[in-house]
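**Q** Here is what each chain is made of, one letter per residue.
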Amino acid sequence: MEFITHTWHWSISGFIIGLVMLALIYFGKVFGMSSNLRSLCSMTGIGKRVSFFDWDWKSQRWNLVVVLGAMIGGYVATHYLSDASNVTINPATIQKLQKIGIDAPNSKLLPDAIFGSDVFHSPQKILLLIIGGILIGFGSRYAGGCTSGHAISGLSNFQLPSLKAVIGFFIGGLIMVNFIFPLIF
Amino acid sequence: MNVVKYLIVGFIFGVVLTKAEAVSWYRIYEMFQFDSFHMYGIIMTAIATGVLGIQIIKRTKMNDIKGLPIEIADKEKGTFRYWIGGLIFGLGWAMVGSCPGPIFILIGAGFMSIGFVLFGALFGTFLYGLIKDKLPH
Numbered sequence: 115m116e117f118i119t120h121t122w123h124w125s126i127s128g129f130i131i132g133l134v135m136l137a138l139i140y141f142g143k144v145f146g147m148s149s150n151l152r153s154l155c156s157m158t159g160i161g162k163r164v165s166f167f168d169w170d171w172k173s174q175r176w177n178l179v180v181v182l183g184a185m186i187g188g189y190v191a192t193h194y195l196s197d198a199s200n201v202t203i204n205p206a207t208i209q210k211l212q213k214i215g216i217d218a219p220n221s222k223l224l225p226d227a228i229f230g231s232d233v234f235h236s237p238q239k240i241l242l243l244i245i246g247g248i249l250i251g252f253g254s255r256y257a258g259g260c261t262s263g264h265a266i267s268g269l270s271n272f273q274l275p276s277l278k279a280v281i282g283f284f285i286g287g288l289i290m291v292n293f294i295f296p297l298i299f
Numbered sequence: 108m109n110v111v112k113y114l115i116v117g118f119i120f121g122v123v124l125t126k127a128e129a130v131s132w133y134r135i136y137e138m139f140q141f142d143s144f145h146m147y148g149i150i151m152t153a154i155a156t157g158v159l160g161i162q163i164i165k166r167t168k169m170n171d172i173k174g175l176p177i178e179i180a181d182k183e184k185g186t187f188r189y190w191i192g193g194l195i196f197g198l199g200w201a202m203v204g205s206c207p208g209p210i211f212i213l214i215g216a217g218f219m220s221i222g223f224v225l226f227g228a229l230f231g232t233f234l235y236g237l238i239k240d241k242l243p244h
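Protein chains in written order, with my numbering: chain A, 115 to 299; chain F, 108 to 244.
Worth flagging that the hints you see were computed from the coordinates, not collected in a lab.
In this text, a Cβ means the ideal position worked out from N, Cα and C, and glycines have one as well.
Errors might be hidden in some of the hints.
Pairs of lysine-lysine, DSS-like flavour, derived with a Cα cap of 30 Å [claimed, not checked]:
id, chain 1, residue 1, chain 2, residue 2
1, F, K239, F, K184
2, A, K162, F, K168
3, A, K162, F, K165
4, F, K173, A, K172
5, F, K241, A, K162
Here's a subset of chain F near chain A, in silico, CB distances under 8 Å, partners left out [claimed, not checked]:
id, residue
6, V116
7, Q140
8, V158
9, T167
10, K168
11, D171
12, E183
13, C206
14, T232
15, F233
16, P243
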C-alpha cells in the first residue's frame, strides 16, 4: 500500500492527469475546471440580469459531475490514502516559510497559519482567502481558462493564447510570492 | 449523459491531484520559489502525454465515444485578456495555493476554510461577467 499512500511521483501523476484530459476529449468534451464556476453562477438565475450568465449551462452539467467525482476523490485520498510521509517539501522552502511565520507542513496539505480553524475568528484571514478567490475567479474567466484549460488542454494542442495565459500565470505567481507575501505575512 | 463515466474520471482526477499534492498550498509556494522540480514535472508530463494523445487522435482521425469525429476547438485569438487575465489568476493561485480544480477537491476533502476561497472565486467570476464588455480583450 505504501506506493499509494506515499506522495505520487510527478511522472505518474502528470501522466494520469494527461489521460484524464484525453478521456474527456474522447467523450467529446473539453478538460477545464474554471468554467464550472460560471455554471454555478448561472444556476442561481443571475443570467436574467447579467448576459454573460445567460447561456446553455445545462450542456455543461457533465463538468459538474466531474467536479463531484473530484470532490469524492479528494475525500478518499486524504482520508484513506495518505500517510505521515506526505508533503515533504524542500527544507529550504520550510526555512523561507518560517521567516514569514507559516508553519511547516508535517504531512499536512495546507498551512494552519492560512487555513487553520482559527481562520473563522479572524476577519483579516477570511478577507485574504476571499481576495485570493476573487483573483482566481476573475482572472480565470478573463483569461478564458485556468491551469487545466490553458496549461494542460491548451498547451497540449499548441495553442498560442494558452502559452500567453500560462506565462501570465507564472508572472502573477512570482509577483505574489516575492513581492506581495512579504507585505501581507 | 452517462453520468458514471464523468464521475469516475472526476474521481481519478481528485485522487491524483491530492496524491500528487498539486492541491497543496505548500507545493505551489515551493514551485514559485523554484525549490523543487515536482510541480514542473507534473505539468510537463501531463502536457507531454496530452501532446502525444492529441497527435494520435488527429493522425488516426479518431472518433469520439459516440462515433462523431473529434474536433478540438482552437482558443479564441487575443492578447490582452491572456496576459492580464493570466497574471490576475496567477496572483490568486499563488496566494491561496489552489486553482479551480483543487478548490473543489479540497472542499471535498473537508477543508472548510477553502469555502471562503470558493465564495471569492464565484464572486470574481460574477464580477467578470458584470464588467466584461468594458474590459479590453
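**Q** When the structure is checked against the list of hints, which entries are broken? Sort them ascending.
**A** 2, 3, 9, 10, 16
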